[in-house]
Each structure stands twice: as structure tokens, then as C-alpha cells.
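Keeping their order, the protein sequence lines are chains A and B. FYI, the numbering for the first sequence is 1256 to 1484, going by the numbering used here. FYI, the numbering for the second sequence is 98 to 252, going by the numbering used here.
Among these hints, one or two may not hold up.
[What the hints assert, rightly or not] Below, a list of computed lysine-lysine pairs in the BS3-like style, where the Cα atoms sit at most 25 Å apart:
| no. | chain 1 | residue 1 | chain 2 | residue 2 |
| --- | --- | --- | --- | --- |
| 1 | A | Lys-1410 | A | Lys-1318 |
| 2 | A | Lys-1381 | B | Lys-199 |
| 3 | B | Lys-199 | B | Lys-99 |
| 4 | B | Lys-99 | A | Lys-1257 |
| 5 | B | Lys-160 | B | Lys-99 |
| 6 | B | Lys-162 | B | Lys-100 |
| 7 | A | Lys-1318 | A | Lys-1258 |
| 8 | B | Lys-166 | A | Lys-1257 |
| 9 | A | Lys-1381 | A | Lys-1410 |
| 10 | B | Lys-217 | B | Lys-99 |
| 11 | A | Lys-1257 | B | Lys-160 |
| 12 | A | Lys-1313 | A | Lys-1410 |
| 13 | B | Lys-199 | B | Lys-134 |
| 14 | B | Lys-162 | A | Lys-1258 |
| 15 | B | Lys-166 | A | Lys-1258 |
| 16 | A | Lys-1342 | A | Lys-1381 |
| 17 | A | Lys-1342 | A | Lys-1313 |
| 18 | B | Lys-160 | A | Lys-1258 |
| 19 | B | Lys-99 | B | Lys-162 |
| 20 | A | Lys-1381 | A | Lys-1307 |
| 21 | B | Lys-100 | B | Lys-166 |
[Claimed, not checked] Ranges between beta-carbon positions, derived for each pair:
| no. | chain 1 | residue 1 | chain 2 | residue 2 | range |
| --- | --- | --- | --- | --- | --- |
| 22 | B | Phe-169 | A | Thr-1296 | 50 to 58 Å |
| 23 | A | Thr-1399 | B | Arg-127 | 17 to 25 Å |
| 24 | B | Leu-186 | A | Thr-1296 | 15 to 23 Å |
The hints are simulated quantities; they were obtained by calculation from the structure and are not laboratory data. Yeah, the Cβ is synthetic: ideal placement off N, Cα and C, and Gly gets one too.
These are the residues of each chain, in order.
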Amino acid sequence: MKKILLEYASMLAFTITGLVFGLSFFLLFINFYHMEELAETVDIASYNDTNKASVENKINQIKNNISVYEQSNYQGSLNIYGLNTVKSRLENCVEIIESDDMMNYFDLDQIGINDSYNFTLDFRNKILNDCLVMQVTSMINTDTVESLPNFNLIKPYIQIDLDNLLNSYNYVQNNIENSDHYYFTTETNKTNFFDLVEDSYTETMNNYQSTLDLLVEISNWYRYTVIGG
Amino acid sequence: MKKIFNGLFYGLKFLLLVAAFGLTLFILIRMNMRLNKDITSIISEFVPFAILLILFFVNILFKQKNISKNLFYNLTCCLVLSTIIVVALRSLLDTNMVLNEKYGYGVDFNFFDNFIAYIKIMLYGLSIANIFFMFREKEEEKVIVNKKPKKLKKA
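Generate the whole structure from the sequences, applying the supplied hints.
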């Protein structure tokens, strides 16, 4: 009897040791995998060149569109307070977009997880908060701007775009912040669904371009309003 | 060869236990300081370390060969303690973890916090296995009797 119990004790000891061995082996190597994945860098030189050209083109478009109005030369009948407001708000947005903090991202040849994260934060703080919320949202709720021709037609579209853009960064930011935790991804998931560094950067860049598209649309409306009035 | 590896892992596990304990203590104290919590609240986290250390000393004191000569157990101890050290070092030094950079505490508590449960599971597992190994049947020692050569009687 004693011998059987001792055999069971031995068997249990080896079983527990084996399970602990398996768990620690798994955790050790998933740590190395996780470390390697977070240390990943992505070459974005050509992607950035394309996007930089597109951004510069859109900025020039906005600048050209708002340059049609000068208060000192304006002979039209439209509300000059409204025209001044739109112009100054768009100028402020262009200034933010052209700031070194934002343009420096286009000079990067390679990015890591921290660059993707910082880009998302800067996009949220500077482009969404400082430009879209502080300038565009407050502009569309101004009485003098609302009195401008056709503004009521484009206002709902601007509002929809603003709502979409203001919620666009949440997923990317949360996803990167959660990358500090263990997650059991596979190569298939990684290639098919979401590559943390590259896809986060691309997603934010797409939202950045959409913001510029919105500003271009507003500036186009502004141009035709000034010329027509 | 087996004896060399066994000796290596047997000695190494003590060094790794001290290192793993030190790093865990440092991180948990920093975590508690940040939260302004009482230091006594982290004592329970160190119970598995203390139990394992006591069992190691019991193994030495009673010269338990079932454990000291058990290569698999000693290797598992080293692997578990190395894993704890790797995780602790990553939470301190891995700058690619964005929350470490974001909050600037110098320790990624979120990452380490995930791991505390695993640390406890593995250390308690090793302690229980150690206790079971103590009850293993003793191998019968073969006594080699050196027979003295008989003296030949002179005829």
C-alpha cells in the first residue's frame, strides 16, 4: 500500500513539474515573440513620399481657394464677417497642418510602434482637436457663416464627416495601447487582419487625408460663394 | 554529462530565485508607491517565493537526493525563474511598450500585472511538486562488501 502511494506521489510530482515546465516554456517564448513583434520597423519611405505630395497639393488647393477673398478688395454683397470667419478658420487649420510637428512624420523612412502611436496622438490633438473641433466645428455654428449662400446645403455633410473623423482614432489608439498586454495572435491573423505598426500608421494617414479632403471641400464652397457673390 | 547539467541547474536555481525575487519586489514596491498603498498589501505576492526558498533549504538540510539529483525538476525551476526575470526586465527596459513611454513611470505595470497570476501558479506548482518528490521511495543502497582476501595457510 505504502509503495503504491509513493508511486502516486512520484507520478503527481512529475505531472505537476511537466505542466509547470510547459507553461513557463510557453510564456518565455511568447515573450520573445511579443518582444520581436513590438520591435518591428516598417519601411514607409515611398508611402510617405506619395502622401506628402498629396498633402502639399491639397494645402495649395485650400490656399488658392481662400485667396480669392480679400476684405479690402471685396466688392460683393455677402456678409464680410462670415467670409472673414471662414477664411481665418481655414488659415488656422492650414497653419496647424503645415506645422513642423505634423510635417516631420512625412520625413520618416522607417517607423516603429512608438512612431505609429505618436502619429495617432498628434493627429488626435492637433488635427482633430485644434483644427476640426476648435476651428471647423465652431465655424459651422456661427450665425454669420450660416447666413452665407448654400451653407445650409453643405452643413449636414460637413457634420457627418466631422462625426466620423472625430471617432476615427479610437480604435487605432486603443489597439496600440493594448499591445502591451499578452495577446495570442498568429501569423495568419497578423497578415490578414491588422499589422500593428504598419496598419495603425496607414489608418491614421487615411483619416488625415480625409480631414484634408473635408477642408478642401469647404474651401471649394467658399471659393464659389465668394466669386458668385 | 547529466551530472554536470544537474549540478549547473541545481546551483543556478538559487541565483535565479534571488534575482527573480529582487526584481519582483522592486516592481511591486514601485507599483504600490504609485498607488499610495500600504506595503503590507504585497506580502501575499511573495508567499510562493518564500515557500519555495524554504523548500530548497529543506532539500539541502536533509540532503534529499530525490530532488538534488532530479534534472527535470531543476531544469523546470531554472526555466520558471528565468521567465519571471525576462518578464520583469521587459517591464523595466522594453521601450517599445507604448504605455511605458506614455506614463513615464519607468516600469510597465500593465504588462507585469498580467503576469502576476502566472508567477503564482508556476511557483506554487514547483512547491507542490517539491513536496511530492520528498515522498519518493528511497532507493535501496547497495552495500558493497569488500571481502578480505583469505590468507592462505601455510602448508
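key: 25 Å limit on alpha-carbon distance, applied to hinted pair Lys-1381 of chain A and Lys-1410 of chain A   = holds, 23 Å
request  = Below or equal to 25 Å on CA atoms is what counts here, so check Lys-160 of chain B against Lys-99 of chain B.
outcome  = holds, 19 Å
task = Would you mind confirming whether the straight-line C-alpha gap from Lys-199 of chain B to Lys-134 of chain B stays at or under 25 Å?
result = holds, 22 Å
inquiry  = Quick check on a hinted range of 15 to 23 Å for Leu-186 of chain B and Thr-1296 of chain A, using CB atoms only.
reply    = holds, 22 Å
query = Taking the beta carbons of Phe-169 of chain B and Thr-1296 of chain A, is their distance inside 50 to 58 Å?
reply = violated, 40 Å
request  = For the pair we were handed, Lys-1381 of chain A and Lys-199 of chain B, check the Cα-Cα distance against 25 Å.
outcome  = Status holds; Cα separation ~18 Å.
ask   = Regarding the pair Lys-1410 of chain A and Lys-1318 of chain A, is the alpha-carbon distance no greater than 25 Å?
value = Roughly 21 Å between the alpha carbons, so the hint for Lys-1410 of chain A and Lys-1318 of chain A holds.
query = Does the alpha-carbon distance linking Lys-1313 of chain A and Lys-1410 of chain A stay inside the 25 Å limit?
reply = OK: Lys-1313 of chain A and Lys-1410 of chain A at ~21 Å, within 25 Å.
task = Mind checking the alpha carbons of Lys-99 of chain B and Lys-1257 of chain A for me, to see if they're no more than 25 Å apart?
result = Given that 25 Å is the threshold and the Cα spacing comes to 30 Å, the pair is violated.
request  = For the pair we were handed, Lys-100 of chain B and Lys-166 of chain B, check the Cα-Cα distance against 25 Å.
outcome  = With Cα atoms ~8 Å apart, Lys-100 of chain B and Lys-166 of chain B stay inside 25 Å; holds.
key: Pair hint outcome, Lys-1257 of chain A versus Lys-160 of chain B [Cα-Cα no greater than 25 Å]   = Roughly 22 Å between the alpha carbons, so the hint for Lys-1257 of chain A and Lys-160 of chain B holds.
inquiry  = For Lys-160 of chain B and Lys-1258 of chain A, compute the direct alpha-carbon distance and say whether it is at most 25 Å.
reply    = Distance of about 22 Å is within 25 Å: holds.
Of the numbered hints listed earlier, those contradicted by the structure are 3, 4, 7, 10, 22, 23.
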